[in-house]
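Put chains B, C and D on the given structure of chain A with help from the hints.
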Amino acid sequence: MSAAAFTDEEQMAVVMARLLRGLRHVAVGALSPLPASAALLAQALDGQLQVTILGSKRYLKFTDGGRELFDCAAQGRIDAFFLSGVQIDGEANINLVGVGDYPKPDKRFPGSFGSAYLYHLVPKVILFRQEHTPRILVPKVDFVSAAGRSPSNVYRPGGPRHLVTGRAAFAFGERGFSLVSTHGGASAADIEASTGFAFERAAEVPSTPPPGAEELAALRGPVKAAVAEIYPAFASRAFGG
Amino acid sequence: MSAAAFTDEEQMAVVMARLLRGLRHVAVGALSPLPASAALLAQALDGQLQVTILGSKRYLKFTDGGRELFDCAAQGRIDAFFLSGVQIDGEANINLVGVGDYPKPDKRFPGSFGSAYLYHLVPKVILFRQEHTPRILVPKVDFVSAAGRSPSNVYRPGGPRHLVTGRAAFAFGERGFSLVSTHGGASAADIEASTGFAFERAAEVPSTPPPGAEELAALRGPVKAAVAEIYPAFASRAFGG
Amino acid sequence: MTRLVPDLEALLEPVTDGCSVAVPPDYSGVALAATRALLKRGVRHLHLIAVPQAGLQADVLIGAGAVGTLEAAGINLGELGLAPRFTAAVEAGAITMRDATCPAIHAGLQAAEKGIPFLPLRGILGSDLLKVRPDWRVIDNPYGSNDPIVLIPAIRPQVALFHARMADREGNVWVGVRRELMLMAHAAAQACVTVEEIVEGNLLDDPALAAGTIPALYISRIAHVPGGMRPLGFGEEASDEAALAGYAKAARTEDGFQQWLKGWLA
Amino acid sequence: MTRLVPDLEALLEPVTDGCSVAVPPDYSGVALAATRALLKRGVRHLHLIAVPQAGLQADVLIGAGAVGTLEAAGINLGELGLAPRFTAAVEAGAITMRDATCPAIHAGLQAAEKGIPFLPLRGILGSDLLKVRPDWRVIDNPYGSNDPIVLIPAIRPQVALFHARMADREGNVWVGVRRELMLMAHAAAQACVTVEEIVEGNLLDDPALAAGTIPALYISRIAHVPGGMRPLGFGEEASDEAALAGYAKAARTEDGFQQWLKGWLA
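Residue numbers (our numbering), protein chains in the order written: chain A, 1 to 241; chain B, 1 to 241; chain C, 1 to 266; chain D, 1 to 266.
One chain only, chain A, in its complex shape (with noise of 0.2 Å):
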């Protein structure tokens, strides 16, 4: 299979459900087709896993209004979740507010939505954004909209555990960002150069497996007809075959 074989978000889709296996619940917030698509496909290779996508109608279950995602984080009862932002640095602080000096950015972007409170309270959280660049992978956020490390008395059965970008998968630990492998055919020092935190590595970074067989197939048989239901023209742009 050559590299063209499959596109750059089944790459990250299938990085992503693999970081999902043995779980029992993720939910994935509104606005992430590519999550949701992961989660998807874990799903569809491990049918025990519950799948809740805010956005959806056939995957939210939810019956007690806008806050029981949010009690039911806090219950325990949600193994993993998705964050990105328009700044992550090394730290793994997230920033979705604003680019420039609080109150009055350079840019404004959304809002901090539920990251300030699921991020503590979600075992496994997973970071994840196509673009790969010194500007969204900075030295330091403008804003924290949740902080990926707290001091230990600080109740946190959750946190960053992964980042998955366009070109690499990380992991997050004790000591910050580790890179676990590339993809989409960049080098370790291709990494480096377009990351704007340090992080960890090995001298040999083995490259992301790519999509398998199996994969491929749930992806683009029943993980698209899903996804088209909530985000039919990323259904239909990012699924190859």
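Rather than coming from a laboratory, the hints here were simulated on the basis of the structure.
Quick caveat: nothing in here was measured; it's all calculated off a predicted structure.
Do not rely on the hints blindly, as some may be mistaken.
Think about it this way: if two alpha-carbon atoms lie no more than 25 Å apart in a straight line, the pair counts; the simulated SDA-like pairs of lysine to any residue are [claimed, not checked]:
| # | chain 1 | residue 1 | chain 2 | residue 2 |
| --- | --- | --- | --- | --- |
| 1 | B | K104 | C | Q258 |
| 2 | A | K124 | A | S207 |
| 3 | A | K140 | A | D106 |
| 4 | B | K104 | C | E254 |
| 5 | A | K57 | C | E200 |
| 6 | C | K131 | D | D140 |
| 7 | C | K249 | C | K262 |
| 8 | A | K140 | A | S178 |
| 9 | C | K262 | C | A250 |
| 10 | A | K61 | C | K249 |
| 11 | B | K140 | B | A198 |
| 12 | A | K124 | A | G241 |
| 13 | B | K57 | C | G227 |
| 14 | C | K249 | B | P105 |
| 15 | A | K124 | A | P210 |
| 16 | B | K104 | C | E200 |
| 17 | B | K124 | D | Q190 |
| 18 | A | K57 | C | N202 |
| 19 | C | K131 | C | H47 |
| 20 | A | K124 | C | A189 |
| 21 | B | K107 | C | T253 |
| 22 | B | K140 | B | V180 |
| 23 | C | K131 | B | G90 |
| 24 | A | K124 | A | L19 |
| 25 | B | K61 | B | K107 |
| 26 | C | K131 | B | R18 |
| 27 | B | K104 | C | A189 |
| 28 | B | K107 | C | K131 |
What follows is chains B, C and D alone, placed relative to chain A:
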């Protein structure tokens, strides 16, 4: 109309109903047939009054579960409520827990239910108890389920305003209980002898105005019918005519 | 991943000795058939949480010696008056009583539902409940000044146990306006439910029914037990008043209760 | 005591200049016809509370200069991207922004619903939101030790404004699973609602519908305005994507927005 032309319960219901004039919304707790009768009588004579009766299907319009009555009261949407006690003292403290020392009382009663909360939050709480004896109306309750008074710094939009027994009506204010009127043929001296706490009284205490023709007609017609839905035994016993 | 279990024994596996169990009031769907099965199994030392009050179920469990601790705002047999085994047990010091007030139990469950350690609540100040509930704290309202306010700690039952109108095969349970059952399911670690009926299809697919449905996410086990609340009533179905009066009369004495219990468990 | 009013003018009397108004997200029943009527009347200085986010409605109100303060966890046009009048107004310092996070807005409304001054909430610590929201306090959890926890003060809107599927002549409003609308009605001093349909009978008499119904007790005024949420969708009805895309394109510039607004208010 002779004294025998109406029952003691009808007299109490009429006294309590008169205290509800001009209000928007009165709520009645579970197992409270007399207050339910009073509330429905007040509604029959003043169509504007909304009546909520716990335990009823027809008069319970809540859709947020068991907490709604209490939330609703805290929102200021309930103007009056009725409370009783196995003991009531001169400070308007009420006891619904037991007689004797806690936690092993000589005689245990069901418990405080919502009294400790609603007594503070509903503007006009009407205490009621058909039995008027020193056993019930005591100098000091053995257990304060809900306190009659609070220090001035305590948030307390509500509290006791009246006490209606089978023999008398009292008002409650800064200076404690004061005897408003007696009924069932009791003299002020009778009331003093059968009340375990001190109260204020004028030299001449009027008789409670007996039920009027319109009140009795409503009580024995639509009110009796509605009460019978919830309290059939009470309805057939308590209403004359 | 079906939550439907074949019998009450399987339903009640999570209700172990010493377990904290939240139960609804008499009008809201009491799992009495399940209660009988618990007693047949000989469950002991339950920490029973009445949401916020209870009646027949609590009285029977207490009378049978299955309750170690009882948290409730009130226990009685409704119009039939005092709950005799409850009052006898408290007067004898045979159970640990945690007296509460109705909204405090709702608030404690809401705190658990929100994953927060406590909820503040107005009122209560001046009540002796504060003396006998040292876990209810009083702080000065940080948004006020010299404004004491009571804090109620979260109530996190290990099991919520109740009877509901219907469930589907996905594990969704319809409770209608009886939202305290949904609160209990959200707050508890596990919810074990008996239902009148198993319906085909998915309750959440019907916009009207969905509004009164607890999603399967919060439900651990469901058993199909028609009449599982009897002799109590439920929705449109009236209580068996004669049976309830019979209980109330029998339970006035320890002997009478034991005889009644023998018959009930037979 | 009917709550049914003949027109939007009567519905919107409670929404005075400077009023705090809670509004739902784009998928939950946005009263856009009412919003247009407010702008025609020339409402000013609104304190808009998005529960917990908003889109078209907030962008239009902001673009028209009707908003003084905005409290929200996020404002965008969904898949159409940024809300251009919102971002322009914040970048210009033209409105006072109270940035929030979704669960904090729900928690603030729940505190108002319960008549308590605040609710604690986990998470948030370390976020710059705490720096820009001095009304969010941090205390040491009285039930823990060295355990900081955030407090969110009650949010008590003067008006809750939304569009719902149906109401009856008693003033009960059915919202189904959209319980944030019920929370808004409970928390607000007044609820003003436009509905698709007025139904005969009483919604609370049907056990299935009752479960998703806001009782009339919490509803101030209802106006019958079919399509009152358009061009947004609602329930089974899809959004008018072309109209929304047209707005998103026009609103990219101040001039484009003003022209769009003129057409909308014509």
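Going down the list of hints, with the structure as the test:
Taken as a hint, the K104/B and Q258/C pair is honoured in the structure, with Cα atoms around 23 Å apart against an allowance of 25 Å. The hinted pair formed by K124/A and S207/A meets the criterion: a straight-line CA distance of about 23 Å does not exceed 25 Å. Of the supplied pair hints, the one linking K140/A and D106/A holds, its CA atoms being roughly 16 Å apart against a limit of 25 Å. For a cut-off of 25 Å, the pair hint linking K104/B to E254/C stands: about 18 Å separates their Cα positions.
At most 25 Å may separate the alpha-carbon atoms for a hinted pair to count; K57/A and E200/C meet this at roughly 20 Å. Note on K131/C and D140/D: the hinted pairing holds, with a Cα-Cα distance of about 23 Å set against a maximum of 25 Å. Of the supplied pair hints, the one linking K249/C and K262/C holds, its CA atoms being roughly 15 Å apart against a limit of 25 Å. Proximity of K140/A to S178/A is assessed by CA-CA distance (about 17 Å); at most 25 Å being required, the pair is judged to hold.
The hinted pair formed by K262/C and A250/C meets the criterion: a straight-line CA distance of about 12 Å does not exceed 25 Å. Between the alpha carbons of K61/A and K249/C the distance comes to roughly 46 Å, so the proposed pair goes past 25 Å and is violated. At most 25 Å may separate the alpha-carbon atoms for a hinted pair to count; K140/B and A198/B meet this at roughly 11 Å. The hinted pair formed by K124/A and G241/A fails the criterion: a straight-line CA distance of about 31 Å is larger than 25 Å.
At roughly 21 Å between alpha-carbon atoms, K57/B and G227/C fall within 25 Å of each other, so this suggested pair holds. For the hint linking K249/C to P105/B, the alpha-carbon distance of about 23 Å falls within 25 Å, and the restraint holds. At most 25 Å may separate the alpha-carbon atoms for a hinted pair to count; K124/A and P210/A meet this at roughly 23 Å. Of the supplied pair hints, the one linking K104/B and E200/C is violated, its CA atoms being roughly 51 Å apart against a limit of 25 Å.
Restraint check for K124/B and Q190/D: satisfied, since their Cα atoms lie roughly 22 Å apart, inside the 25 Å limit. At most 25 Å may separate the alpha-carbon atoms for a hinted pair to count; K57/A and N202/C meet this at roughly 13 Å. A hinted pair counts as satisfied when its Cα atoms are at most 25 Å apart, and K131/C with H47/C qualifies at roughly 21 Å. A hinted pair counts as satisfied when its Cα atoms are at most 25 Å apart, and K124/A with A189/C qualifies at roughly 20 Å.
In summary, the hint linking K107/B to T253/C is supported, as the alpha carbons are separated by about 15 Å, within the 25 Å threshold. A hinted pair counts as satisfied when its Cα atoms are at most 25 Å apart, and K140/B with V180/B qualifies at roughly 22 Å. For the given pair, K131/C sits about 21 Å from G90/B by alpha-carbon distance, which is consistent with the 25 Å threshold. The hinted pair formed by K124/A and L19/A meets the criterion: a straight-line CA distance of about 9 Å does not exceed 25 Å.
About 36 Å separates the Cα atoms of K61/B and K107/B, which puts this hinted pair outside 25 Å; it is violated. Note on K131/C and R18/B: the hinted pairing is violated, with a Cα-Cα distance of about 37 Å set against a maximum of 25 Å. Annotation: proposed proximity of K104/B to A189/C is violated, straight-line Cα distance about 32 Å (limit 25 Å). A distance of roughly 19 Å separates the Cα atoms of K107/B and K131/C; the hinted pair therefore holds under the 25 Å criterion.
In the structure shown, a violation is registered for the earlier hints numbered 10, 12, 16, 25, 26 and 27, in ascending order.
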